[in-house]
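Go by the hints and put chain A onto chain P.
Chains as they are written, first to last, in full-length UniProt numbering: chain P, 1 to 553; chain A, 1 to 553.
In case anyone wonders, no lab produced these hints; they're calculated from the structure. Cβ atoms here follow ideal geometry from the backbone N, Cα and C, with glycine treated the same way. Some hints could be false.
[Stated by the list, open to error] Mimicking DSS-like on lysine-lysine, the simulated pairs with C-alpha atoms at most 25 Å apart in a straight line are: (1) 7(P) x 237(P); (2) 533(P) x 459(A); (3) 459(A) x 337(P); (4) 475(A) x 433(P); (5) 538(A) x 109(P); (6) 7(P) x 104(P); (7) 459(P) x 384(P); (8) 527(P) x 538(P); (9) 533(A) x 459(P); (10) 433(P) x 27(P); (11) 475(P) x 109(A); (12) 109(A) x 533(P).
[As the list claims (entries may be wrong)] Ranges between beta-carbon positions, derived for each pair: (13) 539(P) x 218(A): 33 to 43 Å; (14) 405(P) x 315(A): 31 to 41 Å; (15) 131(P) x 504(A): 35 to 45 Å; (16) 504(A) x 113(P): 28 to 38 Å; (17) 539(P) x 27(A): 16 to 26 Å; (18) 315(A) x 401(P): 28 to 38 Å; (19) 539(P) x 517(A): 36 to 46 Å; (20) 430(A) x 449(P): 49 to 59 Å; (21) 129(P) x 504(A): 33 to 43 Å; (22) 173(P) x 316(A): 55 to 65 Å; (23) 27(A) x 541(P): 35 to 45 Å.
[As the list claims (entries may be wrong)] Reference listing, derived: stretches of chain A covered by chain P, where coverage requires no fewer than 3 residues with Cβ under 8 Å from a Cβ of chain P: (24) 122–130; (25) 484–495.
Number of protein chains: 2
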Amino acid sequence: MSLETLKIVPLGGLGEFGMNCMAVQWKDDIVVIDAGLMFPEDDMLGVNIVVPDISFLTENREKVRGILLTHGHEDHIGGLPWILSELNVPVYGTEFTLTLVEGKLEEHKLLDDADLIEMLPGSSFELGPFRVSPLRVTHSLVDCVALAIRTPVGTIVHTGDFKIDLSSPDGHPFDLQSFAELGKEGVLLLMQDSTNVDRPGFTPGELAVLPRLDEIFARTERRLFFTCFSSSIHRIKLAMDLAHKHGRKVALIGRSMDNATEIAQDLGYIDPPPGLLIHSGQLKDMPPEKVCVLISGTQGEPMSALSRAAVDNHKHARIEAGDTVVFSSRVIPGNEKPIYNVIDHLYRRKARVIHDDGRSGLIHVSGHASQEELRLMINLLRPKYFIPVHGDYRHLTQHVEVAVGTGIPQQAMLVEDGEVIELTAGSMSKTGKVATGRVLIDSGSATEAVEEMIIRDRKHLSEGGLVLAIITIDKMTGRQQGAPEIVTRGFAVNEQAMATELRQTIAHTIESSSIEERRDWMLIKEKVRSDLKRQIQKSTGRRPMIMPVILEI
Amino acid sequence: MSLETLKIVPLGGLGEFGMNCMAVQWKDDIVVIDAGLMFPEDDMLGVNIVVPDISFLTENREKVRGILLTHGHEDHIGGLPWILSELNVPVYGTEFTLTLVEGKLEEHKLLDDADLIEMLPGSSFELGPFRVSPLRVTHSLVDCVALAIRTPVGTIVHTGDFKIDLSSPDGHPFDLQSFAELGKEGVLLLMQDSTNVDRPGFTPGELAVLPRLDEIFARTERRLFFTCFSSSIHRIKLAMDLAHKHGRKVALIGRSMDNATEIAQDLGYIDPPPGLLIHSGQLKDMPPEKVCVLISGTQGEPMSALSRAAVDNHKHARIEAGDTVVFSSRVIPGNEKPIYNVIDHLYRRKARVIHDDGRSGLIHVSGHASQEELRLMINLLRPKYFIPVHGDYRHLTQHVEVAVGTGIPQQAMLVEDGEVIELTAGSMSKTGKVATGRVLIDSGSATEAVEEMIIRDRKHLSEGGLVLAIITIDKMTGRQQGAPEIVTRGFAVNEQAMATELRQTIAHTIESSSIEERRDWMLIKEKVRSDLKRQIQKSTGRRPMIMPVILEI
Chain P
1 MSLETLKIVP
11 LGGLGEFGMN
21 CMAVQWKDDI
31 VVIDAGLMFP
41 EDDMLGVNIV
51 VPDISFLTEN
61 REKVRGILLT
71 HGHEDHIGGL
81 PWILSELNVP
91 VYGTEFTLTL
101 VEGKLEEHKL
111 LDDADLIEML
121 PGSSFELGPF
131 RVSPLRVTHS
141 LVDCVALAIR
151 TPVGTIVHTG
161 DFKIDLSSPD
171 GHPFDLQSFA
181 ELGKEGVLLL
191 MQDSTNVDRP
201 GFTPGELAVL
211 PRLDEIFART
221 ERRLFFTCFS
231 SSIHRIKLAM
241 DLAHKHGRKV
251 ALIGRSMDNA
261 TEIAQDLGYI
271 DPPPGLLIHS
281 GQLKDMPPEK
291 VCVLISGTQG
301 EPMSALSRAA
311 VDNHKHARIE
321 AGDTVVFSSR
331 VIPGNEKPIY
341 NVIDHLYRRK
351 ARVIHDDGRS
361 GLIHVSGHAS
371 QEELRLMINL
381 LRPKYFIPVH
391 GDYRHLTQHV
401 EVAVGTGIPQ
411 QAMLVEDGEV
421 IELTAGSMSK
431 TGKVATGRVL
441 IDSGSATEAV
451 EEMIIRDRKH
461 LSEGGLVLAI
471 ITIDKMTGRQ
481 QGAPEIVTRG
491 FAVNEQAMAT
501 ELRQTIAHTI
511 ESSSIEERRD
521 WMLIKEKVRS
531 DLKRQIQKST
541 GRRPMIMPVI
551 LEI
Chain A
1 MSLETLKIVP
11 LGGLGEFGMN
21 CMAVQWKDDI
31 VVIDAGLMFP
41 EDDMLGVNIV
51 VPDISFLTEN
61 REKVRGILLT
71 HGHEDHIGGL
81 PWILSELNVP
91 VYGTEFTLTL
101 VEGKLEEHKL
111 LDDADLIEML
121 PGSSFELGPF
131 RVSPLRVTHS
141 LVDCVALAIR
151 TPVGTIVHTG
161 DFKIDLSSPD
171 GHPFDLQSFA
181 ELGKEGVLLL
191 MQDSTNVDRP
201 GFTPGELAVL
211 PRLDEIFART
221 ERRLFFTCFS
231 SSIHRIKLAM
241 DLAHKHGRKV
251 ALIGRSMDNA
261 TEIAQDLGYI
271 DPPPGLLIHS
281 GQLKDMPPEK
291 VCVLISGTQG
301 EPMSALSRAA
311 VDNHKHARIE
321 AGDTVVFSSR
331 VIPGNEKPIY
341 NVIDHLYRRK
351 ARVIHDDGRS
361 GLIHVSGHAS
371 QEELRLMINL
381 LRPKYFIPVH
391 GDYRHLTQHV
401 EVAVGTGIPQ
411 QAMLVEDGEV
421 IELTAGSMSK
431 TGKVATGRVL
441 IDSGSATEAV
451 EEMIIRDRKH
461 LSEGGLVLAI
471 ITIDKMTGRQ
481 QGAPEIVTRG
491 FAVNEQAMAT
501 ELRQTIAHTI
511 ESSSIEERRD
521 WMLIKEKVRS
531 DLKRQIQKST
541 GRRPMIMPVI
551 LEI
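The following block holds chain P by itself, in its conformation from the complex (with noise of 0.2 Å):
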């Protein structure tokens, strides 16, 4: 690597969704932007959550300056606890992102140690070599911010997520000037979000659910329950001013939109009218019709308010026949057995339900730029390098072909993580590789990572269960002390039939092994385990973990 070119290396999010990080280089000092989290895949087992390898930063520690956050959503936050635990550098971030890293550091009781910088949209400041501006963008959070950060061989802009929302519902908008402005200067490269790249035209502004949520606020007749993402501020806020306007008391139930509401009012972003909310436990004595419940639980989650509501398992929370029920939100993939489940349970108790299933009108919309935005991004900026970032291949492989579109890059090039880019004022080349991968973080922890061994043996438990078998030898004369005790768990048999089965092939085993053999207990173990998988497969067609252990006493 030449020492005069700024170094773009991406470390998680370029070729996967989730766990977006990326580390900015110029000698002898880093800036790594975003430090988020993925959530576990179906077979990671007893998995926790998803989060980058970051070897690239712990062998470079005293080089990194510190991170920068564009917001606060979970794949760009999530990874901090851990990051943080590895490398404890400063940490900067917009009032409201880190309002929710305090919370999620305090939890693992990294806190204390942590050193967290406000960064103010608008206001540029110094970090190494490098001269950062967090500009105002609008997403379907709050206080999130694109940065551009000016380097000795030019300005890099990196939008983080954004749509251009040109009804921004909480009076900050969109800082198109300062990209304008931006786009006069030079822009170097820009570095711009591909999630919503499959779409054509513009994602609508979060105030365009507002008719169809007013109408059916309107036609409601009984208790309506609200649930959206608990990170959606703009869009709690537009249900709590909707029940005000329709005479509706509110109450908010479930821990993570207690906690979103309560942050969103303690920086201002909600502002209820006095005597707006209520306490849950005031629901039974309000009349159905006055009362509007924003609960948690949009994708089904078996613990959720919203899903114990749906059974009958809720103390505040009572769904009765008549209700109508908001899902305000989006299925994201994997969640549909248990979303259609709780909606299920919902027609049970004779709710009406309205989710976003293509034919209730407007009542979700995504927080991500479509196509024009991304479009109209490249047109205000004006970059000469062109990478896509936030996304699976397909996606940042359309978004090329997007941004060549445009006629303005003069060059626009795929990287996917652990690819090192380097950049002069006139070049932009891939020139290596560092290690990246993705850590498994532990289940009950968010700094405990997990081996893909351990992973792969509770893949085997969990097909297959487990045969025990222990074997007690005589150290003096070599032989069998009794007969191996067979235990299993999780493994579909008749367990005395098996054990007899079992034993007889133990005792074939020792038996028919050499004098030598018998001395060497590991090749006997080996010897062991072989001949009653191969038995078990043989008897059952099944493929239990197998452990025997042998007691020498």
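Just chain A, lined up with the frame of chain P:
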């Protein structure tokens, strides 16, 4: 239950998708409609398939006259090996359906004992007190029938799966006349497929995909890979016709694609012109613009031919830059991740991918009737009573509304699995419940049930792994012999350090127990388990399965 009534007892498929199975009883005679399976949900670890609990049938085994199959999809025939292994009765089906059944029973060594009887669409036959008329319907599969069953109280009709395809691609039209005739004679009860009740309008016919697929064949310059459900005989035929028209030879790759095509050829549904089919080994010698590869793997199944080809790991199916891959199929909910994983790999090989993303034109159609077809069927049959089948609770609810909306049935009733319906010529009512449920069949098997407890153990093992503590006790003295052996699997900690800690805990538990307690090894085992559990959770936050084993020597 009264004796002079017809009883309808749904055992599966009413309140869920899949494992369709329904009993129809008149006095001492029972016939069963369909014997389907369901695919396991994510948390059913190590489960191969899910089939209905048929204790109602086994408790009345001397009354069961036979199983009538409407068509050959897995959710209608996949439970047969299990059911026949519990209850060997004659199985009635059309020619194509029985051919699929034969293959399935042979695989599980049940064919020799099976009594398979062919039904001819349009030909009635007697079965106990019933006269059964299979009526030809159209669907995504071939040789599908509805069943009209004349009973002592009147005629009942079960639609099976259907849509009303007015251009049936196999030349066997939907038998509108017979349905109309039944309607004229009088139908007591209609039981109708609810799968697409949430879709307004008509479902497009199978040939509706022709124009867009023709265009794709015409515009493809290099190799064309075409994947569809292997049971979609119509689609396979269409792809072969288009290949022929556009001067491409056809290679079949993938076991399920091979099997289905062979059966369809044997039965005359597909009749490729001589020389059209080539062996997959010949592909490498053919110019890329002269071949079409029919390949299995629409759902991204990891071992499917397409998934392997996508990572360049298939002997014959090599996908190169500029090749086209068409997914003429839908994404079954829950399969998004593996499918998009395959699509991403195809993009990496620079293939052009065309899949049903809502923006690729009509390349796939559903096989199930939409609302207008459901209404048309009700209008043809003019049933007195109506029960929706095949659907989640919300589909059944909506279907009752659709039926009532036609103004035709006197009564439409939402019925779930296990509810017993009694019919006379002038009444329909719910009169009881029978035991129903899901039987989980273990991996590697089609007939071995696995208990809930086993699945719970697997779940526990999969989430936290296993900690095994083997404690050796001297029978004479009641004291530990040496230190306990600690073994872990799927549990992510430093095993050495953990072992030392846990040995101390065990020693403490045993020493602090009274002499009486120490004589009761079951009790000691429980105390050790609970102390280890507390200790592990305290020091690691995790919850592995803990198995203390006590050996007395």
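Enumerated hints in conflict with the structure, sorted upward
Structure breaks hints 1, 4, 6, 7, 11, 13, 15, 17, 21 and 24.
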